[in-house]
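Novice: Take a look at the letters that make up each chain.
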Amino acid sequence: MRASREAEYTEYVHARLGWLRRTAYLLCQDWQGADDLAQKTITRLYTHWGRAGKAASLDAYVRGILVKAFLDERRSAWARRVILPGVYEERPAAGHDADMRLDVRAALRSLPPRQRATVVLRYYCDCPVEEAAEILGVTPGTVKSQTAKGLTALRLALAPVMEA
Amino acid sequence: MNPVNSMSEDTVRTLLADVASAPEPPSRISVEAARKTGRRRRRAARVIASGGVAVLVVGGALIAPHLRLAAAPDSATGPAAGARIAASVTPAAPVKPAAPAPAPTQFNPLELSANFGWLPSFWNEDGASVEETPTFTVVNLVDGQTLKVSPRGWYPDPSLYSSTRGSFPRAATDPRASAVNGRPAYWDGNGLMWEYAPGAWAYLYGAGNVQSTNGRALDEEMASKVLFGQHQPLYTPFQFTHGLPTGWQATETDSVLTNGRLLVWQLEAGPAAKPGALTITGDTHAGTCGVQPVPQSWVTTGGIRWAYTYSTGPGGDQAACAPKTIDGEYMTMYYYWRGHAQALNLASLVRSTTFFGPDPSGWTTQPYRG
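Sequence lines, in order, name chains A and B. Following numbering that gives the first Met the number 0, the numbering of the first sequence begins with 0 at its first residue and continues without gaps. Following numbering that gives the first Met the number 0, the numbering of the second sequence begins with 0 at its first residue and continues without gaps.
You may find that some hints are simply not true.
Taking lysine to any residue and the SDA-like style, the derived pairs with C-alpha atoms no more than 20 Å apart in a straight line are [claimed, not checked]:
1. A:K67 to B:T212
2. B:K35 to A:K143
3. A:K67 to A:A55
4. B:K35 to A:E5
5. A:K143 to B:G37
6. B:K35 to A:K148
7. B:K35 to A:L135
8. A:K143 to B:K273
9. A:K148 to B:K323
10. A:K53 to A:R21
11. B:K323 to B:Y307
12. A:K143 to B:K224
13. B:K273 to B:G37
14. A:K148 to B:E8
15. A:K143 to B:R164
16. B:K35 to A:A105
17. B:K35 to A:L16
18. A:K53 to B:G37
19. B:K35 to A:A2
20. A:K67 to B:P133
21. B:K35 to A:A51
22. B:K224 to B:Y234
23. B:K273 to B:K323
24. B:K35 to A:A6
25. A:K148 to B:N107
26. B:K35 to A:A68
27. A:K148 to B:R12
28. A:K67 to B:G143
29. A:K148 to A:L135
30. B:K35 to A:A55
31. A:K148 to B:D9
32. B:K224 to A:W48
A short list of chain A residues far from chain B (calculated; beta carbon distances all over 12 Å) [what the hints assert, rightly or not]:
33. A23
34. A55
35. G140
In silico contact screen, one side only, chain A against chain B (beta carbon under 8 Å); selected entries [unchecked claim]:
36. W30
37. L57
38. Y60
39. K67
Think of the hints as simulated: they come from the structure by calculation, not from any bench. Remember, predicted model here, so these are calculated numbers, not experimental data. Glycine residues also receive a C-beta, built at the ideal position from the N, C-alpha and C atoms.
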């Protein structure tokens, strides 16, 4: 890769790493996994940097890599066989907001990976149905149904909290 | 109102944003590591695409399915399967290992010095990228597992692709691992560091195995079967037929394993005072012909017109690149030794370089004569 393109890549990654990491955290639900996933994503982005430059939206392209990497990981033999415990200490701040956050995380964790990815794409990344469909490799109809199922599951899981 | 129905889409957005804004621990993400691995994977992907199934021959032994885990069926799922792996890699009754052969004080970058001797069934060496220097060997599997070995008197730097003189300094503080073939070993937070021969260290890391009991058992098994003292040749697609200046030697090679051969895509050479003075690289991507400003002259050889540029004045940089592919690769040569009287004329080197064609079976294990 030419020096100028290396510089572009580095500049982009540094600028968007925080966003990438937080999205990965929503998908993985732990920082250890999120960092691994973000690392994998920026590595893949490097190998496809030329193609990425031609994408209509670079952020959308990167989001695609991230979600596909997440789903691949869940499918891969290694992920199925070895469950890596997190090494980061979870240190939530005390208080109502922290409790709520834990509940939301538990609810998200209970969603199957594809459903979780759909919800994150639609409601955190604000992806239109068509873009989410392209990233997930499914039809727009499937995105709608996965979204509906995911939302219902979240609502059910969080209902007691929301009532309180 | 039923709260299940009352949670609107906007509420979900707010909740997700709130979770994502949770306090973050320090990041372990490394952009530099991504670039380095990305470069290697581009090579690996290209070679896999043009090659086939690879089986590595090391010292006459095959790294083949019979060496892989027998008790890890493809249908295995969940923690129970993980437990089966752990069970299958439990070492047999301890046997006093034979004393290891002394490690060399430096490696030959034109040979593979060490390699995995055993891999679990879900990994293989197809497309593995290999870096060889006098002070370290790295074998990086496509899946991320990496073996880094140093010669006697050095230890692999855990954070960089390099070696450092001396003994692993954190041996005094890092948790002690089970001995590997009777020799001391340590978990350093990312992988397993062990002294494979007196004063010589090896390091296994990269796949996150260290984070779990099963993974650590896997690392220990792989470490115990690493092959040292190897002399597997590397194959280069070119040869400097007039040799290199007196006292120069190969100082680094980068290659990718395909069809049982390590195929070099980058070679560095130089004298002891400037080990990486010369670099020759092949790349399938156009645009690496980074000769700036406009070439000062052209070198035509083998029907290819190379752009050639050089610094003015005594010593300095020279660069030559082929704007067209040679056997499918864009070749670039750099000579960097700013401020030093030039010991090498790059234009002459280009003219005296022979290319052996796209078929690796015709490549050479001697990239330069003399």
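Novice: If a hint holds in the structure, say so; if it does not, say that too.
Specialist: Status of each hint after checking the structure:
A distance of roughly 28 Å separates the Cα atoms of K67 of chain A and T212 of chain B; the hinted pair therefore is violated under the 20 Å criterion. Proximity of K35 of chain B to K143 of chain A is assessed by CA-CA distance (about 39 Å); at most 20 Å being required, the pair is judged violated. Taking the CA atoms of K67 of chain A and A55 of chain A, the gap is near 18 Å; set against the 20 Å cutoff, the hint holds. For a cut-off of 20 Å, the pair hint linking K35 of chain B to E5 of chain A stands: about 11 Å separates their Cα positions.
At most 20 Å may separate the alpha-carbon atoms for a hinted pair to count; K143 of chain A and G37 of chain B exceed this at roughly 35 Å. For the given pair, K35 of chain B sits about 41 Å from K148 of chain A by alpha-carbon distance, which is inconsistent with the 20 Å threshold. With a CA separation close to 28 Å, the supplied pair K35 of chain B and L135 of chain A exceeds the 20 Å bound. A hinted pair counts as satisfied when its Cα atoms are at most 20 Å apart, and K143 of chain A with K273 of chain B does not qualify at roughly 61 Å.
At most 20 Å may separate the alpha-carbon atoms for a hinted pair to count; K148 of chain A and K323 of chain B exceed this at roughly 54 Å. With a CA separation close to 25 Å, the supplied pair K53 of chain A and R21 of chain A exceeds the 20 Å bound. For the hint linking K323 of chain B to Y307 of chain B, the alpha-carbon distance of about 14 Å falls within 20 Å, and the restraint holds. Of the supplied pair hints, the one linking K143 of chain A and K224 of chain B is violated, its CA atoms being roughly 51 Å apart against a limit of 20 Å.
Our distance criterion of 20 Å between C-alpha atoms is broken by K273 of chain B and G37 of chain B, whose separation comes to about 27 Å. For a cut-off of 20 Å, the pair hint linking K148 of chain A to E8 of chain B stands: about 13 Å separates their Cα positions. This hinted pair does not check out: K143 of chain A and R164 of chain B have alpha carbons roughly 59 Å apart, beyond 20 Å. Proposed proximity of K35 of chain B and A105 of chain A is contradicted: the alpha carbons are some 36 Å apart, above 20 Å.
This hinted pair checks out: K35 of chain B and L16 of chain A have alpha carbons roughly 17 Å apart, not beyond 20 Å. Only pairs whose Cα atoms come within 20 Å are accepted, and K53 of chain A paired with G37 of chain B is accepted, the gap being roughly 19 Å. At roughly 14 Å between alpha-carbon atoms, K35 of chain B and A2 of chain A fall within 20 Å of each other, so this suggested pair holds. For the hint pairing K67 of chain A with P133 of chain B, the CA-to-CA distance comes to about 39 Å; that exceeds 20 Å, so the pair is violated.
Between K35 of chain B and A51 of chain A, the direct Cα distance comes to roughly 18 Å. Compliance with the 20 Å bound is thereby established for this hinted pair. Between K224 of chain B and Y234 of chain B, the direct Cα distance comes to roughly 25 Å. Violation of the 20 Å bound is thereby established for this hinted pair. Distance restraint check for K273 of chain B and K323 of chain B: the Cα-Cα separation of roughly 30 Å exceeds the 20 Å cut-off, and the hinted pair is therefore not satisfied. Of the supplied pair hints, the one linking K35 of chain B and A6 of chain A holds, its CA atoms being roughly 14 Å apart against a limit of 20 Å.
Between K148 of chain A and N107 of chain B the alpha-carbon distance is near 60 Å, which puts this suggested pair outside the 20 Å criterion. For the hint pairing K35 of chain B with A68 of chain A, the CA-to-CA distance comes to about 19 Å; that is within 20 Å, so the pair holds. For the hint pairing K148 of chain A with R12 of chain B, the CA-to-CA distance comes to about 16 Å; that is within 20 Å, so the pair holds. A threshold of 20 Å between alpha carbons decides the hint, and for K67 of chain A with G143 of chain B the separation of about 18 Å falls inside it, so the pair holds.
Pair hint K148 of chain A plus L135 of chain A holds up; C-alpha atoms about 16 Å apart against a cutoff of 20 Å. With a C-alpha separation of about 27 Å, the suggested pair K35 of chain B and A55 of chain A falls outside the 20 Å cut-off, and the hint is violated. Our distance criterion of 20 Å between C-alpha atoms is met by K148 of chain A and D9 of chain B, whose separation comes to about 16 Å. Our distance criterion of 20 Å between C-alpha atoms is broken by K224 of chain B and W48 of chain A, whose separation comes to about 38 Å.
Not every beta carbon of chain B lies more than 12 Å from that of A23 of chain A, the smallest distance being close to 9 Å; the non-interface claim is violated. Non-interface status of A55 of chain A relative to chain B is upheld: no Cβ of that chain comes within 12 Å, the nearest being about 22 Å off. G140 of chain A, annotated as away from the interface, keeps every beta carbon of chain B farther than 12 Å; the closest lies near 18 Å. Taken as an interface hint, W30 of chain A checks out: its beta carbon lies about 5 Å from the nearest beta carbon of chain B, inside 8 Å.
Against a cut-off of 8 Å between C-beta atoms, the interface hint on L57 of chain A is violated, since the closest Cβ of chain B lies about 16 Å away. Taking 8 Å as the C-beta cut-off, the interface hint given for Y60 of chain A is violated, the closest approach to chain B being about 15 Å. The beta carbon of K67 of chain A comes no nearer than 15 Å to any beta carbon in chain B, farther than 8 Å, and the hint placing it at the interface is violated.
Violation of the numbered hints given earlier is confined to hints 1, 2, 5, 6, 7, 8, 9, 10, 12, 13, 15, 16, 20, 22, 23, 25, 30, 32, 33, 37, 38, 39; the remaining hints are satisfied by the structure.
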